[in-house]
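What follows is each chain in one-letter form.
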Amino acid sequence: MNGAAMPAFGAHAPQDVVVWQGGAGVTAATLEAQAGDLAVALPDARHVINLCDSRRNFLAVFLAAAHSGRVCLLPASRAPQALAELRDEYPDHCVVTDESLAGRVRTHAWRGPLQIDAARLVALTFTSGSTGRPQAHEKHWGCLLATAARAQERLLPPGQRCNIVATVPSQHMYGLETTLSLVLLTGGAVSDGRPLLPADVRQALADIPAPRVLVTTPAHLRACVEAKLKLPALERIVSATAPLARPLAEAAEALWHARVHEIYGCTEAGSMATRRTVEGDAWLAHAGAWFESRESGAIYHGSHLPAPIPLQDLLESETPRIFRLIGRAGDMIKVAGKRASLAELSRRLLAVPGVHDAVVFLPEEGARPAALVVAPGISRETIAAALAAQVDPVFVPRPLRFVDTLPRNESGKTPRAALLAALGVR
Amino acid sequence: MPDSTATLAQTGNEAALAALLVDALNLQDVKAADITPTAPLFGHENGSLGLDSIDALEIALAIQRKYGVELRSAEPDTRSAFASLRDLAAHVHGRLDRG
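As you go down the protein sequences, you meet chains A and B in turn.
All residue numbers for the first sequence refer to this note's numbering, where the first residue is 1 and numbers rise by one.
All residue numbers for the second sequence refer to this note's numbering, where the first residue is 1 and numbers rise by one.
Please keep in mind that the hints were generated in silico from the structure rather than gathered at the bench.
These numbers were taken from a predicted model, which means no experiment stands behind them.
One thing to keep in mind: the hints can contain errors.
These stretches of chain B come out as covered by chain A in the derived footprint (C-beta under 8 Å, 3 or more residues) [stated by the list, open to error]: (1) 21-27; (2) 36-42; (3) 87-97.
DEER-style ranges, computed between Cβ atoms [stated by the list, open to error]: (4) B:Tyr67 with A:Pro91: 47 to 53 Å; (5) A:Pro306 with B:Ser80: 45 to 51 Å; (6) B:Ser80 with A:Gly22: 36 to 42 Å; (7) B:Gly43 with A:Pro14: 39 to 45 Å; (8) B:Gly50 with A:Ala41: 45 to 51 Å; (9) B:Ala19 with A:Ala389: 35 to 41 Å; (10) A:Ala421 with B:Gly43: 52 to 58 Å; (11) B:Ala33 with A:Ala421: 38 to 44 Å; (12) A:Arg161 with B:Ala16: 35 to 41 Å; (13) A:Glu279 with B:Gly12: 48 to 54 Å; (14) B:Gly50 with A:Pro43: 48 to 54 Å; (15) A:Arg401 with B:Ala16: 49 to 55 Å; (16) A:Glu318 with B:Arg98: 54 to 60 Å.
Just so it is clear, CB atoms sit at the ideal spot from N, CA and C, and this is done for glycine as well.
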């Protein structure tokens, strides 16, 4: 990938829409001119902390930075403390938000292609850092596009330019790949906003033309399914950040007649594998990529990546490219001398008919696993009996507590403190 | 007593909504009656309930189920409606009254 300058809008004609904003289309020519302006107008700093919520602004700032040799910093959290730490760690920076751009967004005449070198470092993304400081991961332009090309084969209908609505932020790897790399690679377009509530999702989809793709998380998808949302024709639904329960995927497919595809990815690599959730729990690695299964965590190899990526996840390989996730290194528990994976127990619990959502976790070291379960209409005995048929009795969760919803955070994960609180343990 | 009591006391509508929030969000450490009607629901300021956007999803669903009112965060008045228990109750009942 050395020295190959690539036009940022190589897949778009100048008049093609790249962002849908308030029902109107922003064209490649307009965005290219705006990014060209910004490349000159941005403060003279090495790093650009790109906090724009508007996809249009995010894209313009991202391309302006990449074109002018700056690097976008994409923090996982907006918490004031996290941002302060980021500013300290990268003193040569400027911060760009929708507000700070407000007076500056001008639209000049198209001045010709905006080029970005494939080998250029364009962004640093950060792992959420549930333990310790956030870890930075380098993103090079060519690799972002190569990853998106592999995701495109799986997620999008072939030969169509799709219009995407995403409920995830552009600053997270999943959002960056689906709302920026994938759009630029395929010549598609993205909706400017980030809808949250089901009615917002419906409105955002209604405001863009077909073929429509909804990029979301299990938490948002569940809310839309429970609201029995009436949506305009949907081509695809994409979900990531946490495992999607199969009944939820089935309900979504039945409700909107669109395929639901899941991405298995990580901040370090972006998307790595996909599955259509209703077809089974096996994942298929991206083209040219494979997983090496190890007891300490799998290793991801991809011909499009500069180096193999060690993962925290444990997997069970059918072939080097087809696998099931069985847990996370460190999520193996030992009870009475027997070993099991919490993720595996969660998966089995989720598979019990009538269970909508569930998580198995360890309230304290050496204790029995406990569970929070969303399963209106079935009894604790039914669930325990179903599990007892599959796992050793010591791994049948106790207490098994029924809740209306799991305590998920913004990225769909279940923080330990919230699990303990929901269980009633202090 | 001065005005502060009136500010802090929940009205009947607010109390019902507070119970709904505690139930929908599984706020086990929070008693519905203890939610200050004017305190921020979201964010990390002092006195805030500290809710996040996924909580907003749950709240919207619970409100739709119980009151049949569909919330949209894209509407400016809904944004301000999520500011506090008092604002949310006023918004929901305002929508109910308008039919």
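Each hint, compared with the structure:
Residues of the stretch 21-27 of chain B with a Cβ under 8 Å from some Cβ of chain A number 4, which satisfies the need for three, so the listed coverage holds. Remark: the stretch 36-42 of chain B is not confirmed as covered by chain A, as 0 of its residues place a Cβ nearer than 8 Å to a Cβ of that chain, below the required three. Here's how the stretch 87-97 of chain B fares: 0 of its residues keep a CB closer than 8 Å to some CB of chain A, so the rule of at least three is not met and the hint is violated. For Tyr67 of chain B and Pro91 of chain A, the Cβ-Cβ distance of about 51 Å falls inside the hinted range of 47 to 53 Å, so the restraint holds.
At about 48 Å, the CB distance of Pro306 of chain A to Ser80 of chain B agrees with the hint of 45 to 51 Å. For Ser80 of chain B and Gly22 of chain A, the hinted distance range of 36 to 42 Å is not satisfied, since their beta carbons lie about 20 Å from each other. Our hint of 39 to 45 Å for Gly43 of chain B and Pro14 of chain A holds, since their Cβ atoms are close to 42 Å apart. Take Gly50 of chain B and Ala41 of chain A: their Cβ atoms lie about 38 Å apart, and the range 45 to 51 Å is violated.
In this structure the hint that Ala19 of chain B and Ala389 of chain A lie 35 to 41 Å apart at CB holds, the actual value being about 39 Å. The hinted range of 52 to 58 Å is not satisfied by Ala421 of chain A and Gly43 of chain B, whose Cβ atoms lie roughly 19 Å apart. Between Ala33 of chain B and Ala421 of chain A, the C-beta spacing of about 19 Å breaks the proposed range 38 to 44 Å. The beta-carbon spacing between Arg161 of chain A and Ala16 of chain B, approximately 48 Å, falls outside the hinted interval of 35 to 41 Å.
Judged by the Cβ atoms, the range 48 to 54 Å given for Glu279 of chain A and Gly12 of chain B holds: they are separated by roughly 50 Å. Our hint of 48 to 54 Å for Gly50 of chain B and Pro43 of chain A is violated, since their Cβ atoms are close to 34 Å apart. Distance hint check: the CB atoms of Arg401 of chain A and Ala16 of chain B are about 25 Å apart, inconsistent with the given range 49 to 55 Å. Evaluation of the 54 to 60 Å hint for Glu318 of chain A and Arg98 of chain B yields a pass: the beta carbon distance comes to about 57 Å.
The structure fails hints 2, 3, 6, 8, 10, 11, 12, 14 and 15 (numbered hints given earlier, in ascending order).
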